[in-house]
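Visitor: Start from the sequences and build out the full structure, keeping to the hints where you can.
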Amino acid sequence: MSENSSNNIIEMKNIIKKFYVGKPNELEILHGIDLCVPEGQFVSIVGASGAGKSTLMNIIGALDRATSGSYCLGGTAIEDCRDSELSTIRNRKIGFVFQNFNLLPRMDALRNVELPMMYSGMSKKERSERAAELLEMVGMQDRMDHRSNELSGGQMQRVAIARSMANDPDIILADEPTGALDSRTGIMVMDIFRTLNQDQGKTIVLITHNENLAKKTDRILTMADGYFESDSAGQTDDASRRI
Numbered sequence: 038m039s040e041n042s043s044n045n046i047i048e049m050k051n052i053i054k055k056f057y058v059g060k061p062n063e064l065e066i067l068h069g070i071d072l073c074v075p076e077g078q079f080v081s082i083v084g085a086s087g088a089g090k091s092t093l094m095n096i097i098g099a100l101d102r103a104t105s106g107s108y109c110l111g112g113t114a115i116e117d118c119r120d121s122e123l124s125t126i127r128n129r130k131i132g133f134v135f136q137n138f139n140l141l142p143r144m145d146a147l148r149n150v151e152l153p154m155m156y157s158g159m160s161k162k163e164r165s166e167r168a169a170e171l172l173e174m175v176g177m178q179d180r181m182d183h184r185s186n187e188l189s190g191g192q193m194q195r196v197a198i199a200r201s202m203a204n205d206p207d208i209i210l211a212d213e214p215t216g217a218l219d220s221r222t223g224i225m226v227m228d229i230f231r232t233l234n235q236d237q238g239k240t241i242v243l244i245t246h247n248e249n250l251a252k253k254t255d256r257i258l259t260m261a262d263g264y265f266e267s268d269s270a271g272q273t274d275d276a277s278r279r280i
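Counting in the working numbering, the sequence shown runs from 38 upward without gaps.
Just so you know, the hints here were simulated from the structure itself, not pulled from any lab data. One thing to keep in mind: the hints can contain errors.
Straight-line Cα separation of at most 20 Å, EDC-like style, residue types lysine to aspartate or glutamate; simulated pairs [said to hold, decoys possible]:
hint, residue 1, residue 2
1, LYS50, ASP262
2, LYS55, GLU76
3, LYS130, ASP182
4, LYS50, ASP71
5, LYS55, ASP145
6, LYS50, ASP145
7, LYS50, GLU65
8, LYS162, ASP182
Listed next, with one range per pair, are the computed distances between beta-carbon atoms [what the hints assert, rightly or not]:
hint, residue 1, residue 2, range
9, TYR57, ASP268, 28 to 36 Å
10, ILE53, ALA270, 26 to 34 Å
11, ILE53, SER124, 50 to 58 Å
12, GLU266, ASN95, 15 to 23 Å
13, ASN137, GLN178, 17 to 25 Å
14, ASP179, ASN51, 45 to 53 Å
All residues carry an ideal CB built from backbone N, CA and C; glycine is no exception.
Guide: Shown next as structure tokens:
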């Protein structure tokens with residue numbers, strides 16, 4: 038699954054991931070993954086439960102390390118980074134969107150979006166202004182002072198998307214972002230991702246089991262048993278994107 042391009046933001050070669058290494062129950066989940074994602078591409082990774090999607094996403098997001106193989110993110114060799122450096126990369130270069138939103142319940146929407154900027158050292162005024170702008174971008178300007186238990190699932194996910202953009206990351210990783218939503222709200226969330234991709238040029242990696250959602254991305258990678266089975270184009274014409 039490689040492409041000869043100088044603008045690849047993700048470059049993985051022969052990524053192997055094992056658990057319980059050296060023990061009788063050693064288990065290999067990823068069996069030599071090769072993956073290149075050009076800057077600005079909207080790619081989906083699909084497959085059944087147990088295919089290895091979440092394990093791969095954790096490695097792409099620098100939440101876990103590969104057992105072997107090489108991974109460059111924006112030109113940085115991830116396998117050579119110390120844990121402190123990985124923490125900075127996760128905060129500055131990667132925006133995460135999860136199925137269960139992961140919002141802090143005691144904070145309102147504005148504070149939730151501000152949180153990544155607090156860790157990056159941005160001033161209170163700057164982060165408050167940017168958080169407000171991001172919430173407006175996802176249509177949540179009227180809910181900035183609402184806590185998560187006062188929001189619907191779709192509203193919480195929109196806040197989570199705004200939070201993922203807080204530090205203007207190089208890539209957005211979305212792990213089953215519509216899994217806890219009804220189909221209509223899921224389509225709305227996909228529209229937001231497409232806008233971020235088209236209007237702001239964000240590279241987006243979407244992990245999903247929903248093949249219909251995957252078809253709305255530029256490229257579909259299908260996983261099974263720790264391998265990529267196929268690499269195909271999504272529906273990239275304007276009509277197919279208009280949901």
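Visitor: Tell me the numbers of any earlier hints that the structure contravenes, in ascending order.
Guide: Of the numbered hints, 2, 3, 5, 6, 11 do not hold.
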